[in-house]
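J.: This is what each chain is made of:
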Amino acid sequence: MYAIKEVFTNFKKSGFMSLISIGTIIITIVILGNYYLANESIKYFLSKIENKIEIVVFLKDDVVLEKINNLVMELKTVSDVEDAKFVSKEDAYQEFIKDKEIFSIMQNFETNPLPNSIKIKLKSYTKKNIDNLINLLKTKEGIEDIQYGGKEIENLVNILNVIKIIAIAVGIIFVISSLFVVSNIINLTIYARRNDIYILKMVGATNTFIRIPFILEGLIHGFLGGLTGWFILYIIVKILLTEIKKQTGLDFSTFYLFNPEFFSFKFLFASISAGILLGFFGSLLSLGKLKEK
Amino acid sequence: MIKFNHVYKIYEKNIKALDDITFTIEKGEFVFLTGPTGAGKTTILKLLYKEEVPDMGTIIVGSQDITHLSSRKIPFYRRSIGFVFQDFKLLFDRTVYDNIALPLVIAGENNKYIKKRVNEYIEKAGLLGKENLTPWHLSGGEKQKVAIMRAFITNPDLILADEPTGNLDDESAWEIIKIFEEANKNGTTVVFATHNKELLEKMNKRIIKLLQGRIV
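Line by line, the protein sequences give chains A and B.
Under numbering that gives the first Met the number 0, the first sequence has 189 at position 190, and the numbering climbs by one with no breaks.
Under numbering that gives the first Met the number 0, the second sequence has 184 at position 185, and the numbering climbs by one with no breaks.
In case anyone wonders, no lab produced these hints; they're calculated from the structure.
Yeah, the Cβ is synthetic: ideal placement off N, Cα and C, and Gly gets one too.
Incorrect hints may appear among the rest.
[What the hints assert, rightly or not] Stretch-level coverage of chain B by chain A, calculated; a stretch enters the list once three of its residues show a Cβ under 8 Å from a Cβ in chain A: (1) 86-99; (2) 104-118.
[Stated by the list, open to error] With a cut-off of at most 30 Å between alpha-carbon atoms, the simulated DSS-like pairs for lysine-lysine come out as follows: (3) B:Lys196 x A:Lys4; (4) A:Lys139 x A:Lys84; (5) B:Lys88 x A:Lys11; (6) A:Lys4 x B:Lys177; (7) A:Lys12 x B:Lys114; (8) A:Lys88 x A:Lys120; (9) B:Lys88 x A:Lys12; (10) B:Lys72 x B:Lys88; (11) B:Lys111 x A:Lys11; (12) B:Lys184 x B:Lys2; (13) B:Lys177 x B:Lys2; (14) B:Lys208 x B:Lys45; (15) A:Lys11 x B:Lys114; (16) A:Lys12 x B:Lys201; (17) A:Lys4 x B:Lys129; (18) B:Lys26 x B:Lys196; (19) A:Lys11 x B:Lys129; (20) B:Lys114 x A:Lys4; (21) B:Lys72 x A:Lys4; (22) A:Lys4 x B:Lys115; (23) A:Lys4 x B:Lys111.
[To be verified] To give a feel for the contact side, a few chain A residues facing chain B, derived at Cβ under 10 Å: (24) Met0; (25) Lys4; (26) Thr8; (27) Lys11; (28) Lys12; (29) Ser13; (30) Phe15; (31) Met16; (32) Tyr190; (33) Asn194; (34) Tyr197; (35) Ile198; (36) Val202; (37) Gly203; (38) Ala204; (39) Asn206.
Given the sequences, and given the hints that come with them, work out the whole structure.
T.: Here it is in structure tokens:
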């Protein structure tokens with residue numbers, strides 16, 4: 000009860016300072032939240048894209064079926080390879096002529112112009128994995144050509160990785176600075192109340208008794224910062240989703256990150272927890288100095 | 000009750016605040032500490048309430064050697080003593096009631112007991128009707144009464160007072176002294192620092208006189 004009264008007194012005395020402290024936590028939560036959402040979305044879409052990437056090995060027409068099957072079996076044993084599948088020229092033809100335009104082009108040929116091929120899926124499309132596989136294939140006979148759409152993906156992954164590192168750095172900077180702002184503001188409060196703290200000590204208050212209101216203050220700042228931060232993110236995401244839907248017709252609101260179960264519950268909980276942790280550690284940082292006063 | 004045994008306190012730049020101080024105060028005594036400014040009165044009180052640590056010598060209060068009391072034990076030791084300062088040291092954003100109740104709240108007493116006891120002390124101090132005012136609205140004498148009630152509310156065995164009448168007019172000062180005298184009659188040991196000569200003469204109590212950190 001005493002502690003709660005103290006918190007209110009501090010808030011009344013230094014309301015503006017409290018607002019700065021809460022504001023910093025809000026900014027941190029918004030940045031961290033944005034980073035998390037962007038990162039999750041990128042990871043999700045990358046995995047979708049990766050599922051569609053295939054390395055296609057075109058075979059010379061004179062390679063017999065037995066040799067092809069041996070090659071497929073061998074490829075399947077390579078550790079980076081998720082799957083390897085033989086596609087006969089007939090199968091490829093059937094697949095191609097599903098498209099009307101290609102069908103009309105195909106009409107011009109007397110025989111099936113498509114080669115036999117092997118489609119290979121990798122477990123992950125890193126430069127190393129792709130290079131290893133291509134080097135292996137180059138040692139094999141009867142291969143006409145190797146094609147993969149992975150180069151662009153590889154570049155994209157590299158760019159995204161750089162962005163991720165920058166985002167992590169910005170996130171860390173903001174976590175540290177918000178810890179400092181919270182702790183400094185609580186320091187100022189302690190300084191402003193040093194006479195009262197002296198009196199409390201003189202009448203037998205323990206350090207814990209004196210600290211609890213300040214820690215509580217940090218926690219409340221954290222809670223309010225986390226809640227408001229989440230709300231701002233919520234608004235940003237809502238606006239973005241509506242805009243995207245308007246511009247492209249794509250509805251992302253069914254995506255698990257943005258459905259209410261995740262975004263309005265788990266994510267809200269995480270934002271508030273992160274805010275509270277910031278507030279808590281921010282106030283702990285400043286309380287080391289309490290002892291000396 | 001209190002034993003100072005060859006106590007030295009030296010501040011920076013070799014200023015000897017206390018120079019070989021030895022004295023005993025019996026339980027239930029009323030003792031004045033006197034001497035000019037800088038003689039060491041406040042230092043003795045600070046050592047007694049553990050704001051300072053002696054550089055040499057031992058200090059015993061009650062049955063406890065407080066010379067090297069651990070910082071964990073200090074708050075609990077302070078709860079057994081009452082303090083009254085010249086500048087009152089009240090919480091100015093709290094009411095009279097809250098200020099007097101503070102030591103009981105800190106000691107974790109239950110609300111019912113606190114309410115009963117604080118109301119009793121407010122009445123004793125003649126502050127009825129002012130319990131919900133903050134100290135801003137009180138006269139100097141009233142402020143000091145609040146501070147004294149706060150010091151007495153836990154029924155301490157020992158009261159330390161540092162020039163408690165220093166900021167008050169004569170009439171208020173005598174009112175304050177009477178409160179101390181009455182507490183002393185009920186068995187409380189009082190150590191009262193003052194340089195008010197008139198007070199010393201009228202009260203006719205034991206006097207420990209200090210000059211430049213020594214007892215004279």
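J.: Tell me if chain A covers the segment 86-99 of chain B under the three-residue, 8 Å CB rule, please?
T.: With 4 residues close enough to chain A, the hint holds.
J.: Would the hint on Tyr190 (chain A) be counted as holding, given a Cβ-Cβ threshold of 10 Å to chain B?
T.: violated (16 Å)
J.: For Lys88 (chain B) and Lys12 (chain A), compute the direct alpha-carbon distance and say whether it is at most 30 Å.
T.: holds (19 Å)
J.: Would the hint on Met0 (chain A) be counted as holding, given a Cβ-Cβ threshold of 10 Å to chain B?
T.: holds (8 Å)
J.: Does Lys111 (chain B) sit within 30 Å of Lys4 (chain A), going by the straight-line distance between their CA atoms?
T.: Holds, because 18 Å separates the two Cα atoms, which is no more than 30 Å.
J.: Does the nearest C-beta of chain B fall within a distance shorter than 10 Å of the C-beta of Gly203 (chain A)?
T.: holds (4 Å)
J.: Taking 10 Å as the limit, does the beta-carbon of Ala204 (chain A) come near enough to a beta-carbon in chain B?
T.: holds (5 Å)
J.: Would you settle whether the hint for Phe15 (chain A) is holds or violated, based on the nearest Cβ-Cβ distance to chain B being less than 10 Å?
T.: Given a least distance of 17 Å, the restraint on Phe15 (chain A) is violated.
J.: Holds or violated: Lys111 (chain B) with Lys11 (chain A), Cα cutoff 30 Å?
T.: Measuring from Cα to Cα gives roughly 28 Å; hence the hint holds.
J.: Holds or violated: Thr8 (chain A) as interface residue toward chain B, Cβ cutoff 10 Å?
T.: Since the shortest Cβ distance to chain B is 6 Å, the answer is holds.
J.: Against chain B, run the beta carbon of Asn206 (chain A) and see if the smallest gap drops under 10 Å.
T.: Given a least distance of 8 Å, the restraint on Asn206 (chain A) holds.
J.: Should the hint that Ser13 (chain A) touches chain B count as held when the rule is a Cβ pair under 10 Å?
T.: Violated. Min distance 12 Å.
Hint compliance for this structure: hints 3, 6, 16, 29, 30, 31 and 32 are broken, all remaining hints hold.
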